[in-house]
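4 protein chains.
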Amino acid sequence: MCAIVGVFDVKHASKIAYYALFAMQHRGQEATGISASDGKKIRTIKDNGLVTEVFNEEKLSFLHGDMAIGHNRYSTAGSDSVRDAQPVAASYKLGDISIVHNGNLINKHEVRSKLVEQGAIFQSSMDTENIIHLIARSQQGKLKDRIIEALHVIKGAYCLLIQSRSKMFAIRDRYGVRPLSIGKMKEGGYIVASETCALDLVDAEFVRDVRPGEMVIFQHGKEEFESIQLFEPDPHICAFEFIYFARPDSVIEGKNVYAARKKMGMKLAELAPVEADFVIPVPDSGVSAALGYAQASGIPFEMAIVRNHYVGRTFIEPTQAVRDLKVKLKLSPIHKILEGKKIVVIDDSIVRGTTSRQIVKLLKRAGAAEVHMRIAAPTIEHPCLYGIDTPSYKELISANKTVEEVREYIEADSLAFLSIEALKESIGNDMNYSLVSFDGNYFIK
Amino acid sequence: MCAIVGVFDVKHASKIAYYALFAMQHRGQEATGISASDGKKIRTIKDNGLVTEVFNEEKLSFLHGDMAIGHNRYSTAGSDSVRDAQPVAASYKLGDISIVHNGNLINKHEVRSKLVEQGAIFQSSMDTENIIHLIARSQQGKLKDRIIEALHVIKGAYCLLIQSRSKMFAIRDRYGVRPLSIGKMKEGGYIVASETCALDLVDAEFVRDVRPGEMVIFQHGKEEFESIQLFEPDPHICAFEFIYFARPDSVIEGKNVYAARKKMGMKLAELAPVEADFVIPVPDSGVSAALGYAQASGIPFEMAIVRNHYVGRTFIEPTQAVRDLKVKLKLSPIHKILEGKKIVVIDDSIVRGTTSRQIVKLLKRAGAAEVHMRIAAPTIEHPCLYGIDTPSYKELISANKTVEEVREYIEADSLAFLSIEALKESIGNDMNYSLVSFDGNYFIK
Amino acid sequence: MCAIVGVFDVKHASKIAYYALFAMQHRGQEATGISASDGKKIRTIKDNGLVTEVFNEEKLSFLHGDMAIGHNRYSTAGSDSVRDAQPVAASYKLGDISIVHNGNLINKHEVRSKLVEQGAIFQSSMDTENIIHLIARSQQGKLKDRIIEALHVIKGAYCLLIQSRSKMFAIRDRYGVRPLSIGKMKEGGYIVASETCALDLVDAEFVRDVRPGEMVIFQHGKEEFESIQLFEPDPHICAFEFIYFARPDSVIEGKNVYAARKKMGMKLAELAPVEADFVIPVPDSGVSAALGYAQASGIPFEMAIVRNHYVGRTFIEPTQAVRDLKVKLKLSPIHKILEGKKIVVIDDSIVRGTTSRQIVKLLKRAGAAEVHMRIAAPTIEHPCLYGIDTPSYKELISANKTVEEVREYIEADSLAFLSIEALKESIGNDMNYSLVSFDGNYFIK
Amino acid sequence: MCAIVGVFDVKHASKIAYYALFAMQHRGQEATGISASDGKKIRTIKDNGLVTEVFNEEKLSFLHGDMAIGHNRYSTAGSDSVRDAQPVAASYKLGDISIVHNGNLINKHEVRSKLVEQGAIFQSSMDTENIIHLIARSQQGKLKDRIIEALHVIKGAYCLLIQSRSKMFAIRDRYGVRPLSIGKMKEGGYIVASETCALDLVDAEFVRDVRPGEMVIFQHGKEEFESIQLFEPDPHICAFEFIYFARPDSVIEGKNVYAARKKMGMKLAELAPVEADFVIPVPDSGVSAALGYAQASGIPFEMAIVRNHYVGRTFIEPTQAVRDLKVKLKLSPIHKILEGKKIVVIDDSIVRGTTSRQIVKLLKRAGAAEVHMRIAAPTIEHPCLYGIDTPSYKELISANKTVEEVREYIEADSLAFLSIEALKESIGNDMNYSLVSFDGNYFIK
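Sequence lines, in order, name chains F, V, H and C.
The first sequence runs contiguously to residue 445 in UniProt numbering.
The second sequence runs contiguously to residue 445 in UniProt numbering.
The third sequence runs contiguously to residue 445 in UniProt numbering.
The fourth sequence runs contiguously to residue 445 in UniProt numbering.
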C-alpha cells in the first residue's frame, strides 16, 4: 500500500509534494521519493526511510520546478533495497519521464516476460518499470497515446501519476480499486493525491475524484485539466481503504472514512452483542469502530490501552520472544480500569492472529475477567492481489480455521467478525466494493 | 519534566533501564543518558535525542554491569547542548558517583554561589551538579551520610537516584512533588522509576512508592532495601502529573491517571455544561477528560481531530507562519463530522493560548458552527518552580487576561476551566496537592 | 578515470573486491559500488563516497557469493547523483547481469539515439547502460555471443567487466587504451583489475594483461580462463596512465610506472636544464619525475612542499578566494629551505594553469628567489575523449597560449614541458601510445 | 601529543582556530574541540573525530566571538570517550573559563588526590581538570594571580592556553618541552599555536615563541601582549618534535624541522654507512632523513614504498592477521625497483618493533636482496612522561633487547640507530633537549 501525489503548476512543487506525502505517511514508512520538473529536466531523489528522514530543505531545493510527483512506500517483503523505491524516472525517445504507482498489476509477469523477450532490461523488481517500458516501446507519436497504448496492455489495480517535462497525467484503473483525488491549490495549480487528507494539509480545495477508467491531463497554459474516459468504469472501491488504510479524516468517493468505520462498529454491535463493562479499541486502528460499537450498544467506551508512538526503530534483542515484546512496547493496558472487568475489544482485522493473541494476553494479564474480541471487518480468507500486501493462504488464519478455532487460538472469551453484507451497508450500499480478501471474487480478469 | 530510572541487582541493567526510559519517553524527548556500574567502574553514555536514537545494542553492551541509572529530558529553553544531559557522573574522594534528578531546586543559585565561592567549578548549568559538589565536599565518612548532609542544604522539588559503584540511593523530597515508584523484577533485583508504566513494560511488580522525605538504599547482599525517613513528610503531589505529564496507564500514590483525568472531565461537565452535538478531545492529551465529559453530559464523544504521530523533526520553512503550520501538521480535523455542528472541545490546559487559538481556527475552518472550549484544569496563573518548564508571568495568558478575555483571544464561542476544588476532588480529596501554577501557593520555603 | 575490479571463484569475493578497490582509490573518490553473485542472484550496493565510506562488514556480507565486480569513480562534472554510480545491474532475457566500465564510448550518443528510437529507456546518463541494452536486445542465444554483438556496435576506449550469475567476462578494446591485468589468487580463483597495485594488495600473482581486442571468459569448472581475440589489436596505451593516473607501484604492459616517471624527469633535465639550488616536486604527483630530474641534473632534490592529506571534505567559505585556499590547505612550502633560493619545481601536467599559478605564488611568498617550472609531460592541447575527464579546448591553457604566455600567466621565471618524443622514449619506444591530449591524433574512428 | 591553538582579537575567531587545527592535524586525529568567547559567554563544541568531521559552517557560527581556543587530540589508550576531549570549559567564581593543554603533568595523581580530599569532583580523566580546579580554589582576586598560584602547584611538561570571557593566557613550562609560537594576524589580533605551520596556513606572521617559564597575556584594548616570566627558564625542548611530531615546514625555536631531519639522516650516513643500491624512506615520516642519508652517502634516493593515504577507518576483519594487513593497506613496495637490490631503508624510530618487522618483510617479499634499516633517532629505552604516548618499558623493544637482538627480531640484514650525540648535533648544539626516551634523564623533579 502506497501513497502517491502529484503537484502541477505551483511554486515550490516539491515542497508541496513533501507535505502531502507527510500527511499520508501512515500508508508507507519504508521508502520515499520525489521527482520534479522545471520544464527542462526531471530530477529525482529517493531513499529508504520516512519522508522526514529522506528529505531536507536542501534536497527539496535541488528538486526545483513547478511540478512534482512523489511516492511513499509501505514495507514489503523482499524489497529491502533502495532500488525498489519510486518514482521510477528514465529518459526515452520523447525525453524525460517519471512514474509513481499505487496498486498491483496482475499480469506483470507476462508483460515483463514479453518485454524481456524483446530485449528490455529491468533495473528493479517493481511492476512500475513495466509501464515505462511499454510507453517507451510504443510506436505512437505522442506521450498521451503511448500511455493509452500501455494501459491497454497492463491489467490490475493501479493509480498512476506520470510526469513528462511539461505535463502530468493522473490515471485510475476502470475498477477504481485505489482512490485518487484532485484538489485545486489556493494560488492556482493542482494537486492529485491518494488521500484527501493530503489536500487538507496543503490547503487545497477538493475538486473531485479521478474517475475509474479516467485519464486526467494537466498541461501548462490550460486553466482546466483535460479528461479522457479510457475504459468503461466498473467501480470496485477497495473496502480495506475504509477499514484500515485511509486516515479517518479522508474522504473516498464522497464517503468519510471515520463515519464509515463508526458504522462498522455500530453494525458489529447489532450483529455480535455481548454483555460487558466496557468497549475498548486497539489503538489507533480500532478507535473509530469502537466508538460506533459503544454508541450502538450503550456500553461505555474506554481508552484502556495506551499506545506508545515512539516505537520506530527500537532495537530488540532477537534472543527474546521478539514478537511479544514488539506488541508490549507499542500497547500498554491500564490495569486499574481493566481489573475484574468484562471487556469488548475492537480491532480492525485479524490477519495471522498473532497480534490479536498477544493483545488478549496483555488484557488478561492486566486483570480483565473476560475479553470479547470484535473485529470490524469480515474474516480475511483470501490474499488481496490488488495492492495490499496480505500474506498467502497458508498464513491467513481465517483461511485455515473456523471462527471458533480462531477464538481458541487467540484465547478470547468470544470472537465475532462483521458480515460482508454489514460491511457494505456501513460504507454505503450505493457503491460496489472490492472485497476479494473476504469473498475471493477476483473480478479483474 | 524528566523521567528517571534506576535498576539494581539485575542482569543487563542498562537494557532494562533503556526499556524503562522508552516507556516514559513522553516525559522527555531532547536528551537521554544511562550510566551503569559493574562494581568496579561507572560508565556513562548520554547525548541529545530520543532514547532509541542515543542507544543501540553496542552502546548498551558497553554499559555493562548489574546496576544502572538513566534519565530522559524534556526540551528546555537555552539548554541546546549535550553538556546539560544527565546522568552527571564524576569521581570524588570515595570513588565514582553518578546522579539523575527530576525536579527543580529553588535555592540552586544560592547553593551554587556558595560552592563557587569555595572554589567549585561547574561544567554544566544543571542544578544536579550542585548535589554532587555538596556530596563531594561533605566531611562525612560514608556516602550515605554525605548525601544526607547535602539534602539538608538543598531546597526544592526533587526525585534523585544516586549510584556509587555498589549501591543505589533513591530519594524523594519531603513534599513528594514528583512521583517515584519501586518495583521488584521477576528474577530478583529492583527498579525505581518516575512512572509505573516503566515497571509494567519491564514486567516488574509494583512494591510501593518512595515516600515523601524518604531515602531508600539498595545494596548487594541484602534482599530487602533499607529505608530512612530523612524528613517529616508534608505531601504535595504535583497535580500536573495527573493533568498532563504522566501516562494514562500510570498509577501515582495509588491513583490511576486515566481515572483521574476522566473525573476531571466529568466535573467539568457539571461545572460548565453546554448544549452541543459532540464532545471531542484535542488528541492525545485531552482524550481521557473528553471521555469523562461525554459520559457525564450524555453528549456523544467523537474523535474528530486526527493526530499525525510522525511529526518529529519535520523541517519547516521559517518564512511561513510557522506556529500555524506546526499545529496543522500535527492535528487534522475531520470536516465531514464537524460541518455545521456545535462542538465541545476538551484540552488539558491553556498556557500561552496560541495553540488553543489555532485549534479553534482549525475547527471553524473545518466547518464547526460553534466551538466551546473546556479545559480540564484550572487557569494557570503562576509559573511552577517545582520542575515543570512553565513560562514567566508575562507569557502565561491567564495571568494577564480574564477567562472572557482569553475566550476572545482564542476566538471560541465559550470557554470554561475546571475549578481548583473540582480538580482536587477529581484526583481524590484524601491527599494534598502541589497547585502552585493555579493558586500561587509556593509552599517550599 | 575509474578503477574496475572483478573477482572470480574465491571465497568472500566482495571483500577481495573491496580491498582491491581500496588500493586503486586514487583513481576515483566520488562513488563506488560492488555487485556479487552467489550463483543464484546478483546483489548490488553502490553509493556516493569513498570505498571505506560506502561499505562496511555488514554490507559486504550482504554481497555474498564467490564472484564480484566493483567500480570506483572519479568526480566528473554534472554527475552528482548516485544514479550514475556503477556497477549497472539489470535483469534481462537470460537472467541477471552486471557491468562495470572504465573508458569512454565515442559513439555513445548515436548508439543511445538508436536504442531510444527502438524503445529503450535510460535510467542514468552513463554509457555503460548502452552496453547492457545492446546485450539485452541481441538475438543471439548465448550471453557470450550477445556481448560480442554489442562490442561490434560500440566504439571507443573501454575496459569492461561483465558478470552473469555464473560467469565473468573481461574485455579490453582493440587499442588497449585503458589497462587491465589478470591475477591469480593464492587459494585459487582469479582477479582482474585496472591496476596491478590491486593484485599486490590482495596477494594475487600477476598472470598477464588482458590483450587489446581480447575477451577473457571465466567460468566455473574450468581451471583456466578462455581467451577470444575479438578484434585485431592496434595498441595505443594511454600515456596519461604513466604520467599521472596509475600508482607508482603499478606495472602496465610490463612497464613500472615509477620507473617511467623517473625517466620522464631525466629526459626533462636533458631537454630543459636550468641552474638551480634545488629540485622540488609538487607532491605527490610530481615526486617520481622530480627524483629523475635531480638524478640526471645533479641538482639536489628537496621535499620543500608539505602535503596535507587530511583535506577531504573541508568546508570552505565561498566568499573567500576559494581556489587559492584549496591549494593552500593542501600544499605548504617550507620557508626556511626556499628562502633566497633558485628552485626547479616539477609537476606532472598543466591543465587550466590555475593550480600552477598558485604553486608559483606560494613558493615566491615563501621566499624563493627564482621558480623554474618543469612539467614532466608535453603541453595538453586537446581534450582526451578516451576516458580522462579533460576540459574543453576553451579551458585548456596550452590550447590557447604559447609556452611563453603560459609562463607569464603562472608567473614562473621559466617554464618547459617534455616533448612528445621524449615522453615516448621515457616509457619505452617498443610500444605505441595514445597521445591525443598532446598531438590531437584521435585514432579511434 | 596534541595540537593547541588560541586566537585573540580577530573576526570569526573559531574559523581561524579551525583552520589552524586543520594544519596541525597530524598531531591528533581522535578528538577535537573549540571554545569561543564573544565577551559575554564561552561556548564549546567538542567531539570524537577529525577536525573536518567534528565541525561544519553551522557549528563554527555557533561559536561566535573574537577569541577562541582549540585542541586536537591524538589517540591515547583507554580514553575512548568524548568526555576526555578538550577544551575543558567551566564556570567558577570569576565567571567562564576554558583551558586546553598539551603535555603531561607528572604530579597529577598527587594534585588530584589532594583536590579530591578537599571535595573536588572530576568529570574526566584529564589532568587539565586539575588546573581548572586549582584556579577555582585559589584565594587570589584576579584570574592572572590564580593561574600563577596553580602553576606553582603543578609539575610537568605543559603548554596551556586559558581563556576567560575577555582575556587569553598562553603559558609554557620552564623547560619549554612542548613548543608554542606566537603569530600576528594580518588584520590585527594574535594567534598562538603548537606549530608554526598553523601560522602559515592562516597567513599570520611569526612573532616569537612563548619562552620557557613565560606567561603571555592578551587583553582587549592593549595592542601589545603582556609578558611575565614566571619561572627561571631551564630549556629542554623535546627532541621528538624534531624527530617525528612536528610538520617538516614548522620551525621550533628558530630551527626548521625538515632541515633538522635531513641532518639526522646525514649523521646517520656517517655513523652507520652501508653499501647499497638505494636509500628509501618509510613514507611519510622517514622521507626527510632518507634524503639526508642519500645526500651524505651518495647512494641514490628512491621512493620505493608508496603510501596509501585513504586508510582512515577501513574496517578489517579481526580474524585475519590484522596488524600485518594494516601495514599492507598503508604501505606498498614497488617490486620492479626493489628486485634483487640492496636497500637502505630509513625510518624515524622503532618503538615496539612490530611495524619495522612488517616493513622488512614487505620489502623482502617484493624482492629486495638486502634490507639495511637505519633509524634516524637513538634507541627508545624509556617511556616519555612529558606528553608523548610511549608504551611502558615492557613493550619498548630497545628497553629489552640489544640492537643486534632487535635486528634479529625485525629480520633486517643490518640495523643502526643515531647516537644521542649525533641527534643533538643534528638539531643544533646551541640548545638543550629533552631526551628522556633515550637517556632516561627525567629532569622534571
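No lab work stands behind these hints, which were simulated from the structure alone.
Treat the hints with care, since some could be wrong.
Copies of the same chain look alike in the list, so a pair counts if it works inside one copy or between any two.
Straight line, CA to CA, 30 Å or less: simulated DSSO-like cross-link-like pairs of lysine-lysine [unchecked claim]:
(1) K330 x K108
(2) K167 x K114
(3) K364 x K114
(4) K11 x K342
(5) K326 x K424
(6) K155 x K330
(7) K142 x K336
(8) K155 x K364
(9) K11 x K361
(10) K424 x K40
(11) K326 x K108
(12) K144 x K155
(13) K186 x K341
(14) K184 x K341
(15) K401 x K40
(16) K41 x K184
(17) K336 x K394
(18) K336 x K184
Quiz item: 30 Å Cα cut-off: does K364 pair with K114 within a copy, between copies, both or neither?
Solution: Neither. Shortest intra-copy (55 Å) and inter-copy (56 Å) distances fail the 30 Å Cα cut-off.
Exercise. Measure nothing new, just compare the shortest in-copy and cross-copy C-alpha distances for K326 and K424 to 30 Å and report within, between, both or neither.
Key: Answer is neither: 33 Å inside a copy and 37 Å across each miss the 30 Å cutoff.
Self-check item: Within, between, both or neither, where K41 and K184 count as close if Cα-Cα is 30 Å or less
Solution: within (25 Å within a copy, 46 Å between copies)
Quiz item: Which holds for K401 with K40 at a C-alpha limit of 30 Å: within a copy, between copies, both or neither?
Solution: neither (57 Å within a copy, 36 Å between copies)
Quiz item: Are the CA atoms of K184 and K341 at most 30 Å apart within a copy, between copies, both, or neither?
Solution: between (51 Å within a copy, 26 Å between copies)
Practice problem: Up to 30 Å between alpha-carbons, please classify K330 paired with K108: within, between, both or neither. | Solution: neither (37 Å within a copy, 38 Å between copies)
Quiz item: Within a copy, between copies, both or neither: where do K155 and K364 come within 30 Å Cα-Cα?
Solution: So K155 and K364 fail the 30 Å test inside a copy (47 Å) and across (44 Å) alike.
Quiz item: Checking K336 and K184: alpha-carbon separation at most 30 Å within a copy, between copies, both or neither?
Solution: Only across copies: K336 and K184 sit 19 Å apart there, 49 Å inside one copy, limit 30 Å.
Quiz item: At most 30 Å between C-alpha atoms: does K186 with K341 qualify within a copy, between copies, both, or neither?
Solution: For K186 and K341, only the inter-copy Cα distance (25 Å) is at most 30 Å; the intra-copy one is 52 Å.
Exercise. Pop the pair K144 and K155 into one bin, within, between, both or neither, using alpha-carbon distances up to 30 Å.
Key: within (18 Å within a copy, 35 Å between copies)
Quiz item: When no copy is named, should K326 and K108 be tagged within, between, both, or neither for a Cα gap of at most 30 Å?
Solution: neither (35 Å within a copy, 42 Å between copies)
Quiz item: Between K11 and K361, at a C-alpha cutoff of 30 Å, which is it: within one copy, between copies, both, or neither?
Solution: between (52 Å within a copy, 26 Å between copies)
Violated hints, listed in ascending order, are 1, 3, 4, 5, 6, 7, 8, 10, 11, 15, 17; each of the other numbered hints is respected by the structure.
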